[in-house]
Amino acid sequence: MNEAALLRCEGLSVRFGGLTALNGFDLWLREGEILGLIGPNGSGKTTFFNTLTGLYRPASGRAWFAGAEITGLRPQAIYDAGIARTFQRSRLCLPLSVFDNLMIGNHRRLSLGLWFNLFRRTRFAGELQRHVERARALLAAFHPKLPERLFDPAGALGMIDRRRVEVCRALISEPRLLLLDEPSAGMTHDETRELMDDILATRERLPGLSIILIEHEMGVIERVSDRCVVLNFGEKICEGPFATVVADRQVQEAYLGVAA
Amino acid sequence: MNARVTQRPALWPAFVATAAVASFAYLFLRAEAQWEVAALAAGAVVALLVLGRTRLGAVVGSAWGARPTPLAWGALLAALVVVALFAEDHFALLMIATVLLYGVACLGLTIQFGYAGVVNFSGAAFFGVGGYTAAVLATHTALPHLLVVAVGGVLAGAIGSLLVLPLLRTRGHYAALITVAFAILFKTFLEVNDTLGGPQGLKVPGMRMLGWSFNDNILVGEDVELSFYLSYAVFSLLLLAGALVLVRRLERSWLGLSLDAVRIDETAASVFGFEVARWKILAFTLGNVLAGVAGAVYAMMTGFVAPASFTIAESLILVSIVILGGVGNPVGVLAATALVVVLPEKLQVIQEYRFLLFSGFVILVLLFRPEGLLPRKLRQYLPGWGRA
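If you're matching them up, the sequences are chains A and B in order.
Per this note's numbering, numbering through the first sequence is continuous, rising by one, with the last residue being 265.
Per this note's numbering, numbering through the second sequence is continuous, rising by one, with the last residue being 616.
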């Protein structure tokens, strides 16, 4: 066990009625590391994300983030601690503008006082202008054409731009840990490659950022991740560099079935 | 570079539009003959269709978007002119004031339903809380009436907080059912409560402010007698203007963004740190305060309150106005309020069938234009926002 780990989970278990979705899951993550989390459908990957971000309560086990225990904290507190995520099925607010969506991710920095928002309009305009510039800069770092779409409804964007905006929404609060839940879902191979380029570029820009990536595309995992963890039926069956993991007999069985 | 607009669109088309709407309101309220009313209504429909098909609507809209302040003052002035033109006409002024006060209540519902997504099928009950508060306080205490109106709002907000806990623990249809239950509860409570007048209700004293009695006709010189409803109409107009400014600023701030985030995706909102409960409570309370304030003034204007005025049917009308006008669009909601309140009064043929026609109309809107007659637009934080 790495003492300097940014994230450490010990024996996390999540049950839904009689179903054990996650069973005694251990995981640690260094600062700046990209971890690929893989496994067949229903193996508990998204359940892990939901537990980590406080949407589900673990039946047992504990988790620490940046030196503090985060087990059972509310989602709001997890966000404040510096963990942000994307969702498997895009959860952008489609009727709202791209800017509004980014500001949702930027919640921590918004002044939410009633008096300020309703009656200090000049100061509000100043704060707004600063956030517009931040949002523009972040989008531009992702794709030079993206800032043009800042005031368009998110629903008017194509699939890959939606994904980019979703990643930006998670990044704008400057989290220390980014959870990406299958960012390639519903995209073509080319689009997926572009998005992964963006993510690798982000990592160059923000070397301290740690990422856990859930992904089904093995090519993506191979290219992006420093280390892999494989889940099957809620249990960790393998861990290590990509090459080790794909050579593992148990992993092959989990994906392809037991050899005759 | 900058989100602010570089080239200012012309204002005059919007001023012309305001004048046209005001003239139409004047003609429509003045029309007596049924054919006249029907022709005006048909004309309005045609005009709206033309406006929707041509660039005219967009031109007016962008002028409002870029420079709302002078246009808002213009609209207020136009409304005052219309009110002044009916200075001697009880009936027209009563209708105008009713539209304005219902408008305030529906703006409250817009905050709740349109922004935070909290359905409220007991809007009329909170309107009633304001009315009964006015009845009791104005009869039994010497409280200044402006304060009575304010207390009506505060009390509506406070009684609404009784519902907050069950509302936060439920979602969707179940939350809606809670408000339905409250609407029924409220009416039954009033009917069996003898101190509050039971089914007969209570008389409400007219409003007095700074020695000015709202319920006396206004004598100008020797022979001109202005309707006492004039005071109520002007007061309601100012109230509505205030409510509009409040709702607009609310929407065009981080508060509006937070309410939208909570409405559209509670789970995603909580993952990004939004306190879902806080925003729902804020919207629900603020909306009920507006309904209560409107109810207090309305009760003082009509001079009496009774349980029969605050039934679930009345609440449903308020909800339908919001759906009809455009969920989350204050201007659309005001247009729908005018339509729903005034049309049946003027077009007596439909008076008897108003609920039938009205429900049919709501169904048509839901089928063919689910976002309402005037759908909400993207948030404009500042005048001229979004033209990069």
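To be clear, the hints were calculated from the coordinates, so they are not data collected in a lab.
Each residue gets a CB set at the ideal place from its N, CA and C atoms; glycine is no exception.
Incorrect hints may have been included.
Unchecked claim - In silico SDA-like links for lysine to any residue, alpha-carbon gap of 25 angstroms or less:
#1 B/K605 <-> A/G29
#2 B/K605 <-> A/L155
#3 B/K605 <-> A/G72
#4 A/K150 <-> B/R607
#5 B/K605 <-> A/R232
#6 A/K150 <-> B/V420
#7 B/K605 <-> A/P212
#8 B/K605 <-> A/I242
#9 B/K605 <-> A/Q257
#10 B/K605 <-> A/R167
#11 B/K605 <-> A/A206
#12 B/K605 <-> A/R141
#13 B/K605 <-> A/G87
#14 B/K605 <-> A/A64
#15 B/K605 <-> A/G191
#16 B/K605 <-> A/W69
#17 B/K605 <-> A/V256
#18 B/K605 <-> A/R62
#19 B/K605 <-> A/R67
Unchecked claim - Per label pair, the in silico range of CB-to-CB distance:
#20 A/E209 <-> B/S389: 34 to 44 angstroms
#21 B/L371 <-> A/R67: 31 to 41 angstroms
#22 A/R113 <-> B/A541: 38 to 48 angstroms
Structure versus earlier hints, numbers of those that do not hold, lowest first: Hint check: 1, 3, 5, 6, 7, 8, 9, 11, 13, 14, 15, 16, 17, 18, 19, 20, 21 fail, others pass.
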